[in-house]
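Student: Here the protein sequences line up with chains F and X, keeping their order.
Position 169, counted from 1, in the first sequence is what the UniProt record's numbering calls 169; the numbers after and before it change by one each time, with no gaps.
Position 9, counted from 1, in the second sequence is what the UniProt record's numbering calls 9; the numbers after and before it change by one each time, with no gaps.
Simulated from the structure, these hints should not be mistaken for laboratory data.
Model, not experiment: these values are computed from the prediction.
Each residue gets a CB set at the ideal place from its N, CA and C atoms; glycine is no exception.
Some hints could be false.
Claimed, not checked - Each computed DSS-like pair below joins lysine-lysine, with the alpha-carbon atoms no more than 30 Å apart: (1) F:Lys36 - F:Lys8; (2) F:Lys39 - F:Lys8; (3) F:Lys137 - X:Lys48; (4) F:Lys132 - F:Lys39; (5) F:Lys132 - X:Lys28; (6) F:Lys36 - F:Lys72; (7) F:Lys72 - F:Lys143; (8) F:Lys8 - X:Lys28; (9) F:Lys36 - F:Lys132; (10) X:Lys28 - F:Lys143; (11) F:Lys143 - F:Lys132; (12) F:Lys137 - X:Lys28; (13) F:Lys39 - F:Lys66; (14) F:Lys66 - F:Lys8; (15) X:Lys48 - F:Lys132; (16) F:Lys39 - F:Lys72; (17) F:Lys8 - F:Lys72; (18) F:Lys8 - F:Lys143; (19) X:Lys48 - F:Lys143; (20) F:Lys13 - X:Lys48; (21) X:Lys28 - X:Lys48; (22) F:Lys39 - F:Lys13; (23) X:Lys28 - F:Lys39; (24) F:Lys66 - F:Lys36.
As the list claims (entries may be wrong) - Okay, the calculated bits of chain F under chain X, using three or more residues with CB under 8 Å as the criterion: (25) 52-66; (26) 126-135.
Claimed, not checked - Far from chain X, by Cβ distances over 12 Å, these chain F residues were calculated: (27) Ser6; (28) Arg21; (29) Leu32; (30) Lys72; (31) His73; (32) Glu76; (33) Pro122; (34) Gln123; (35) Gln171.
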Amino acid sequence: MRPPSSLKQEFLKKWITGLQRCSSSKRNMSILERTKAIKLSADVAMASARNSTTCWSRALIANASKDGSDGKHLVEQILGLESERLMMKKASTGALVCNKRIRSKKILKRSCRIPRTRKCVPQVALATSIAKRMVRKRTQVLKSLIPGGEFMNEVSLIEETLDYIISLRVQVDVMRGLAGVSELVNHN
Amino acid sequence: MSSRRSSGQSTAGVSRISDEQIIELVSKLRQLLPEIRDRRSDKVSASKVLQETCNYIRSLHREVDDLSERLSQLLATIDADSAEAAIIRSLIM
C-alpha cells in the first residue's frame with residue numbers, strides 16, 4: 001500500500017489541475033455548478049491517483065466520462081493522454097470481471113448445495129441462516145456504495161472497500177485542509 | 001500484492017473461497033473503522049462490520065459534499081480578489 005503522504009500530494013496536484021481548468025473555462029459559475037465541479041474534480045483526481053490499479057477507480061472514471069461533456073472534458077484534462085487508454089482498458093476488463101462474478105456466484109451456489117457432514121442443531125441452523133441473510137443484505141448495500149461494486153465478487157469487494165475508504169479519507173483530509181486555509185485567508 | 005494474487009487463484013481453481021481470506025480482509029476492514037477499532041476486538045460479527053463500513057462510507061461521502069459546498073462558497077469570494085487567490089495558489093504549489 002502506498003504511504004498516505006505521497007497519495008495526498010498526488011491527489012492534490014491532480015485536483016488543483018482540474019480546478020484550474022474548470023475555473024478558466026467558465027468565468028461566472030453559479031454556486032451549484034462550482035460545487036459540482038469541485039466535487040467532480042476531487043473524485044476524478046482521487047480515482048486517477050490509483051492509476052487504474054483498482055476496479056473502483058476505473059468505474060468512477062468511466063461514470064464521470066459518461067455524465068455529459070463536463071465530466072468527459074474534466075477527465076481528459078486531469079488524465080491527459082492516459083484517459084483514452086484507460087477507457088479502452090475499462091471496456092475490456094468489464095467483460096472479464098462480469099464473467100468472474102458469474103463464475104464465483106455459481107461456485108458459491110454449488111458449494112452451498114453440497115450437504116455438510118457436521119451435525120447442525122436446529123436453533124443454530126436458524127441463527128446462522130438469519131446471519132447469512134443479514135450479511136447478504138449488507139453486502140448488497142456495500143456494493144451500491146462502491147463505484148463498480150455490482151460487478152465484484154465478495155473477496156474483491158472487501159479489498160476494493162479497503163482501498164476506497166483509504167482514498168476517501170485522503171480526499172477528505174486534503175479538502176478540509178484547503179477549506180481551512182481558504183477560510184484563514186478570507187478572514188484577513 | 002500477495003493477497004490479491006492468492007484471491008485470484010482461489011476463484012479460478014479451488015471450488016470454495018477460503019474462509020481465512022475473508023476473515024483476514026474483514027479484520028483489516030475493522031481496523032479502518034473508527035467505532036469498532038476502539039471496542040473489544042474479538043466478538044464482532046461480519047454483518048456488524050459491513051453495517052459500520054456502509055455507515056462510514058456514507059458519512060465520508062457526506063463530508064466530501066459538505067466540503068465541496070464550503071469550498072465553492074469560499075473560492076467564489078476569493079476569485080474577485082486576485083491578491084488572495086495568489087496567496088492560496090502559492091500555498092498549494
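Student: Look at each hint and say if it fits the structure.
Tutor: Checked hints:
1. F:Lys36 - F:Lys8: holds (21 Å)
2. F:Lys39 - F:Lys8: holds (16 Å)
3. F:Lys137 - X:Lys48: This hinted pair holds, its Cα atoms lying about 12 Å apart.
4. F:Lys132 - F:Lys39: violated (36 Å)
5. F:Lys132 - X:Lys28: With a Cα-Cα distance of about 21 Å, the restraint between Lys132 (chain F) and Lys28 (chain X) holds, given a limit of 30 Å.
6. F:Lys36 - F:Lys72: OK: Lys36 (chain F) and Lys72 (chain F) at ~14 Å, within 30 Å.
7. F:Lys72 - F:Lys143: holds (24 Å)
8. F:Lys8 - X:Lys28: holds (21 Å)
9. F:Lys36 - F:Lys132: Answer violated: Lys36 (chain F) to Lys132 (chain F) is near 39 Å, above 30 Å.
10. X:Lys28 - F:Lys143: holds (18 Å)
11. F:Lys143 - F:Lys132: holds (16 Å)
12. F:Lys137 - X:Lys28: With Cα atoms ~21 Å apart, Lys137 (chain F) and Lys28 (chain X) stay inside 30 Å; holds.
13. F:Lys39 - F:Lys66: Status holds; Cα separation ~16 Å.
14. F:Lys66 - F:Lys8: holds (26 Å)
15. X:Lys48 - F:Lys132: Cα-Cα ~12 Å, so holds.
16. F:Lys39 - F:Lys72: Holds: Lys39 (chain F) and Lys72 (chain F) sit about 14 Å apart, inside 30 Å.
17. F:Lys8 - F:Lys72: holds (24 Å)
18. F:Lys8 - F:Lys143: Given that 30 Å is the threshold and the Cα spacing comes to 26 Å, the pair holds.
19. X:Lys48 - F:Lys143: holds (16 Å)
20. F:Lys13 - X:Lys48: The given pair, whose Cα atoms are some 37 Å apart, is violated under the 30 Å limit.
21. X:Lys28 - X:Lys48: holds (14 Å)
22. F:Lys39 - F:Lys13: holds (15 Å)
23. X:Lys28 - F:Lys39: holds (28 Å)
24. F:Lys66 - F:Lys36: holds (15 Å)
25. 52-66: Coverage by chain X is violated for the region 52-66 of chain F (0 residues, Cβ < 8 Å).
26. 126-135: holds (count 3)
27. Ser6: holds (16 Å)
28. Arg21: holds (14 Å)
29. Leu32: violated (8 Å)
30. Lys72: holds (20 Å)
31. His73: Per Cβ check, His73 (chain F) is outside 12 Å of chain X; nearest 18 Å; holds.
32. Glu76: holds (21 Å)
33. Pro122: The assertion about Pro122 (chain F) holds, with a minimum of 21 Å to chain X.
34. Gln123: Label holds. Min Cβ-Cβ 17 Å, cutoff 12 Å.
35. Gln171: Gln171 (chain F) not clear of chain X: closest Cβ-Cβ about 6 Å, inside 12 Å.
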